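Asker: Chains Y and R supply the protein sequences, listed in that same order.
Following the working numbering, the numbering of the first sequence begins with 2 at its first residue and continues without gaps.
Following the working numbering, the numbering of the second sequence begins with -19 at its first residue and continues without gaps.
Keep in mind the hints are simulated off the structure, nothing from the lab.
Incorrect hints may have been included.
Cβ pair distances, simulated, as ranges [stated by the list, open to error]: (1) V99/Y x N37/R: 15 to 21 Å; (2) T6/R x K67/Y: 27 to 33 Å; (3) R91/R x K67/Y: 39 to 45 Å; (4) T6/R x T18/Y: 39 to 45 Å; (5) S19/Y x R91/R: 40 to 46 Å; (6) R(-3)/R x H86/Y: 43 to 49 Å; (7) L69/Y x Q75/R: 25 to 31 Å; (8) S(-12)/R x F40/Y: 15 to 21 Å; (9) S(-10)/R x H86/Y: 29 to 35 Å; (10) Q75/R x H86/Y: 36 to 42 Å; (11) S(-8)/R x L69/Y: 41 to 47 Å; (12) K36/R x E64/Y: 38 to 44 Å; (13) T6/R x Q30/Y: 32 to 38 Å.
25 Å max Cα-Cα, derived PhoX-like pairs, lysine-lysine [said to hold, decoys possible]: (14) K18/R x K42/Y; (15) K17/R x K42/Y; (16) K(-15)/R x K34/R; (17) K65/Y x K79/R; (18) K79/R x K67/Y; (19) K79/R x K36/R; (20) K42/Y x K79/R.
Here the structure is a predicted model, which is why all the values come from computation and not from measurement.
We put the beta carbon where it would ideally sit given N, CA and C, even for glycine.
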Amino acid sequence: GAVVSQHPSWVICKSGTSVKIECRSLDFQATTMFWYRQFPKQSLMLMATSNEGSKATYEQGVEKDKFLINHASLTLSTLTVTSAHPEDSSFYICSARVDGNSPLHFGNGTRLTVT
Amino acid sequence: DQQVKQNSPSLSVQEGRISILNCDYTNSMFDYFLWYKKYPAEGPTFLISISSIKDKNEDGRFTVFLNKSAKHLSLHIVPSQPGDSAVYFCAASRQSSYKLIFGSGTRLLVRP
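Construct the entire structure; sequences and hints are all you get.
Answerer: Printed below as a string of structure tokens:
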């Protein structure tokens, strides 16, 4: 089945630093990838849609300048959390689908802790 | 406004019995529904889906039922196994859209 790989699986950083999370589709090409965030005991919330070769589409309330998304190839999207703050600590998950008729496949997520 | 709701945060079931997880939605434009299973510190794993043209879809021990008039869907797991213990999320979308809207999840515990 389709595999989405996410790296790193966990990261601890200091306040004010930036962190980059990578999302790769291993056995298929994904023109579109999705970034979700999950706070403890809450649902997965869509942050942004990453489009290969063009700008990402952000959901309402998500700061574009804080969560930089780059989708430079058909198999890689990156999310950079800039100037991280403790409130950015969360579980970030990327996803992609093989084609328009298939379900979303998710990476294993990245646990970000900002101290 | 929560468009997809899972009103039961947790459910405990005896091994071998049926687990029924419920989900309600408010947006009548949704026409594609999915269930995902999630273990701690892992991404969700796709379980089963259903299109609004159907009212039932079955895959092994998992069956999803859709009641469009009630805007309600449910996931039945039978027989339940201890390995089914996880958090289950329902999700909905419009097939013309890529966006999935998730419910808040139900934690299922299957007791041996």
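Asker: Run every hint past the structure and note whether it holds.
Answerer: Hints, one by one, checked against the model:
Checking the proposed 15 to 21 Å range against V99/Y and N37/R shows it holds: the Cβ atoms sit about 19 Å from each other. Roughly 30 Å separates the CB atoms of T6/R and K67/Y, a value that falls within the hinted 27 to 33 Å. Checked against the hint of 39 to 45 Å, the pair R91/R and K67/Y passes, with Cβ atoms roughly 43 Å apart. Between T6/R and T18/Y the beta carbon distance is about 40 Å. The supplied range of 39 to 45 Å therefore holds.
The given range of 40 to 46 Å is respected by S19/Y and R91/R, whose C-beta atoms sit roughly 45 Å from each other. At roughly 46 Å, the beta-carbon separation of R(-3)/R and H86/Y lies within the given 43 to 49 Å, and the hint holds. The hinted range of 25 to 31 Å is satisfied by L69/Y and Q75/R, whose Cβ atoms lie roughly 30 Å apart. A hinted range of 15 to 21 Å holds for the C-beta pair S(-12)/R and F40/Y, which are about 20 Å apart.
Roughly 31 Å separates the CB atoms of S(-10)/R and H86/Y, a value that falls within the hinted 29 to 35 Å. Take Q75/R and H86/Y: their Cβ atoms lie about 37 Å apart, and the range 36 to 42 Å holds. About 43 Å separates the C-beta atoms of S(-8)/R and L69/Y, a value consistent with the hinted range of 41 to 47 Å. Against the hinted window of 38 to 44 Å, the Cβ-Cβ separation of K36/R and E64/Y comes to about 42 Å, which satisfies the hint.
Taking 32 to 38 Å as the suggested C-beta distance range, the pair T6/R and Q30/Y conforms, at roughly 35 Å. Taking the CA atoms of K18/R and K42/Y, the gap is about 12 Å. The hint holds against a cut of 25 Å. For the given pair, K17/R sits about 14 Å from K42/Y by alpha-carbon distance, which is consistent with the 25 Å threshold. Using a Cα cut-off of 25 Å, the hinted pair K(-15)/R and K34/R holds, with the two alpha carbons roughly 21 Å apart.
Pair hint K65/Y plus K79/R holds up; C-alpha atoms about 18 Å apart against a cutoff of 25 Å. A distance of roughly 21 Å separates the Cα atoms of K79/R and K67/Y; the hinted pair therefore holds under the 25 Å criterion. Straight-line distance between C-alpha atoms of K79/R and K36/R comes to about 23 Å, which keeps the hinted pair within the 25 Å bound. Annotation: proposed proximity of K42/Y to K79/R holds, straight-line Cα distance about 21 Å (limit 25 Å).
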